[in-house]
Structure formats: structure tokens, C-alpha cells
Amino acid sequence: EAGVAQSPRYKIIEKRQSVAFWCNPISGHATLYWYQQILGQGPKLLIQFQNNGVVDDSQLPKDRFSAERLKGVDSTLKIQPAKLEDSAVYLCASSLGLQGGYEQYFGPGTRLTVT
Amino acid sequence: GQNIDQPTEMTATEGAIVQINCTYQTSGFNGLFWYQQHAGEAPTFLSYNVLDGLEEKGRFSSFLSRSKGYSYLLLKELQMKDSASYLCAVILRQAGTALIFGKGTTLSVSS
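Chains R and Z are the protein sequences, given in the same order.
Per our numbering: the first sequence = residues 1087 to 1201.
Per our numbering: the second sequence = residues 466 to 576.
Okay, chain R solo, but in the shape it has when bound (with noise of 0.2 Å):
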């Protein structure tokens, strides 16, 4: 079974500059998640989708921050514009959901430096 696929695996802007990330999740799993790992701290959600529909983006910086999951299934998560504090590594989860079980399979992430 295919894992959690996420690109690119490496990005380096300066800061103001836009960047995008793309995940495209485990077949079948219908909640994708979008997480925040800033270097030594535990990652921290910032958008929860379950199907194409938002279930959670409170954590989620709507002002240069913003997220899809067209048709259900992939999901791009952009930045614009990039501020110094957002470098930090991007980690797209996938799982069954509610009805299929808690557990989170993590993609390989996007370190994103800023600079």
C-alpha cells in the first residue's frame, strides 16, 4: 500500500515570496491533515479536511495562509506571503477517519526555510 505522498521535499524562498505544497494521501482515507512542525516542538495542526469539506482550520493563519482538497482527494496548502517564522517542516496526515479508526499516517513533509 502506497504511503502518504508529499512534494516538494525541500523548498528555500526569501521571505514575502509564495510557495506551494501538495499532498496526496493514502487511497481511501477520507480526512487529510495539514500540520505545522516548527524545529524541537511537536507538530501542530493547522487544517483538518474530512472529504473536500473544512473541519477544523482554527489554527490556520488565514491571512497569508490557505488550503484545498479538490474532488477529495489531493490537497495543496499555500503560503502568501512567506514570513520568516514560517520556516518549518509541513506534514500532510492521512486516516479512515470517524468511522475507520484514529490513526495518522504522516507523509515525508516539506522543510520549508525562509529566508
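Hints may contain errors.
[To be verified] Here are the simulated DSS-like cross-link-like pairs (lysine-lysine), alpha carbons at most 25 Å apart as the crow flies:
no. : chain 1 : residue 1 : chain 2 : residue 2
1   : R       : Lys1101   : R       : Lys1164
2   : R       : Lys1097   : R       : Lys1164
3   : R       : Lys1130   : R       : Lys1164
4   : R       : Lys1130   : R       : Lys1169
5   : R       : Lys1130   : R       : Lys1101
6   : R       : Lys1169   : R       : Lys1148
7   : R       : Lys1097   : Z       : Lys568
8   : R       : Lys1130   : Z       : Lys568
9   : Z       : Lys533    : R       : Lys1169
[Claimed, not checked] FRET-style restraints, in silico, Cβ to Cβ:
no. : chain 1 : residue 1 : chain 2 : residue 2 : range
10  : Z       : Asn495    : R       : Gly1158   : 21 to 31 Å
11  : Z       : Thr509    : R       : Lys1130   : 27 to 37 Å
12  : R       : Glu1100   : Z       : Asn495    : 34 to 44 Å
13  : R       : Pro1147   : Z       : Gly523    : 36 to 46 Å
14  : Z       : Asp517    : R       : Pro1167   : 18 to 28 Å
15  : Z       : Leu516    : R       : Gly1114   : 21 to 31 Å
16  : R       : Pro1147   : Z       : Leu539    : 30 to 40 Å
17  : Z       : Arg558    : R       : Ser1113   : 21 to 31 Å
18  : R       : Ser1104   : Z       : Ser576    : 39 to 49 Å
19  : R       : Lys1169   : Z       : Pro472    : 39 to 49 Å
20  : Z       : Leu539    : R       : Gln1127   : 16 to 26 Å
21  : R       : Glu1171   : Z       : Arg558    : 26 to 36 Å
22  : R       : Gln1127   : Z       : Ala481    : 23 to 33 Å
I should point out that these hints are in silico values taken from the structure, not numbers from a laboratory.
Note that CB positions come from ideal geometry on N, CA and C, so glycine has one too.
Please build the complex by placing chain Z on the supplied structure of chain R, with the hints as guidance.
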């Protein structure tokens, strides 16, 4: 607010046993996860506890006491490859299925 505490760092030697503690103060507790994360890699699932008691899985065991807001991860017969960060995370009823993570415990295993 929600609070999850773990020690920042621990060290141990090969073959030993180590216990990593996690305490939490949350409302709407609905389960606790332990994940392992090697440097530069994604977190991988180790265990899930929702009821009080001990869950054993090979060299790893996890314990939960809901009344005390306390969990621990027990690693036996430590190997060098167990050097990693161990993340404690909780699920809350009001938060759907999203995880709230602690800061993680970095375990260093030496020979």
C-alpha cells in the same frame, strides 16, 4: 487550554529499559497516541490508548491512567536505532480526529 508535558531529553544505554512519561491537562479527552520520529523523517505510529491500563506490543508498551492524566511509553531491550524523538499526542472529543502533540522527548541510546 490544553497542555501536554513530556521531558525534553533522555539518555540510556543499549539493552536497558527506559520509560518516557507524558502528563496532560485537557478537556474532552478521547485517547492518547505515541509516535516515533527519527530526525528528518515523518512520525510513525507506535501505540494508541483509550482505556486505562497497559498495551504491550513487542519491545514497546504504553500505559494510560485517565484519572491521573498520565501516560508512559516503556521501551525494553534498547537498540541504537531507538534513538529518536517520541511524541505524545491526545485526541479530544471536540476536536474531531486531529491530534494535539506534546513537544516530544529526544531519546539518545549509546553503546
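Verification of the supplied hints:
With a C-alpha separation of about 14 Å, the suggested pairing of R/Lys1101 with R/Lys1164 holds against the 25 Å cut-off. A C-alpha spacing of about 13 Å is found between R/Lys1097 and R/Lys1164, which places the hinted pair at or below 25 Å, so the restraint holds. Restraint check for R/Lys1130 and R/Lys1164: the C-alpha separation of about 16 Å stays at or below 25 Å, so the hint holds. For the hint pairing R/Lys1130 with R/Lys1169, the CA-to-CA distance comes to about 17 Å; that is within 25 Å, so the pair holds.
At roughly 22 Å between alpha-carbon atoms, R/Lys1130 and R/Lys1101 fall within 25 Å of each other, so this suggested pair holds. Between R/Lys1169 and R/Lys1148 the alpha-carbon distance is near 13 Å, which keeps this suggested pair within the 25 Å criterion. Our distance criterion of 25 Å between C-alpha atoms is met by R/Lys1097 and Z/Lys568, whose separation comes to about 24 Å. Between the alpha carbons of R/Lys1130 and Z/Lys568 the distance comes to roughly 10 Å, so the proposed pair stays at or under 25 Å and holds.
Distance check on the hinted pair: Z/Lys533 and R/Lys1169 sit about 40 Å apart at the alpha-carbon level, beyond 25 Å; violated. For Z/Asn495 and R/Gly1158, the Cβ-Cβ distance of about 24 Å falls inside the hinted range of 21 to 31 Å, so the restraint holds. For Z/Thr509 paired with R/Lys1130, a C-beta distance near 18 Å fails the hint of 27 to 37 Å. For R/Glu1100 paired with Z/Asn495, a C-beta distance near 42 Å keeps the hint of 34 to 44 Å intact.
The hinted range of 36 to 46 Å is satisfied by R/Pro1147 and Z/Gly523, whose Cβ atoms lie roughly 41 Å apart. In this structure, Z/Asp517 and R/Pro1167 break the distance hint of 18 to 28 Å, their C-beta atoms being roughly 48 Å apart. Under the hint 21 to 31 Å, the C-beta atoms of Z/Leu516 and R/Gly1114, about 27 Å apart, fit the expected range. A hinted range of 30 to 40 Å holds for the C-beta pair R/Pro1147 and Z/Leu539, which are about 38 Å apart.
Distance hint check: the CB atoms of Z/Arg558 and R/Ser1113 are about 28 Å apart, consistent with the given range 21 to 31 Å. Checked against the hint of 39 to 49 Å, the pair R/Ser1104 and Z/Ser576 passes, with Cβ atoms roughly 47 Å apart. Distance hint for R/Lys1169 and Z/Pro472: a CB-CB separation of about 31 Å, inconsistent with the stated range 39 to 49 Å. A hinted range of 16 to 26 Å for the beta carbons of Z/Leu539 and R/Gln1127 is consistent with their spacing of about 24 Å.
Under the hint 26 to 36 Å, the C-beta atoms of R/Glu1171 and Z/Arg558, about 31 Å apart, fit the expected range. Distance hint check for R/Gln1127 and Z/Ala481: the Cβ-Cβ separation is about 27 Å, which falls inside the suggested range of 23 to 33 Å.
The structure does not agree with the numbered hints 9, 11, 14 and 19 stated previously, though it agrees with the rest.
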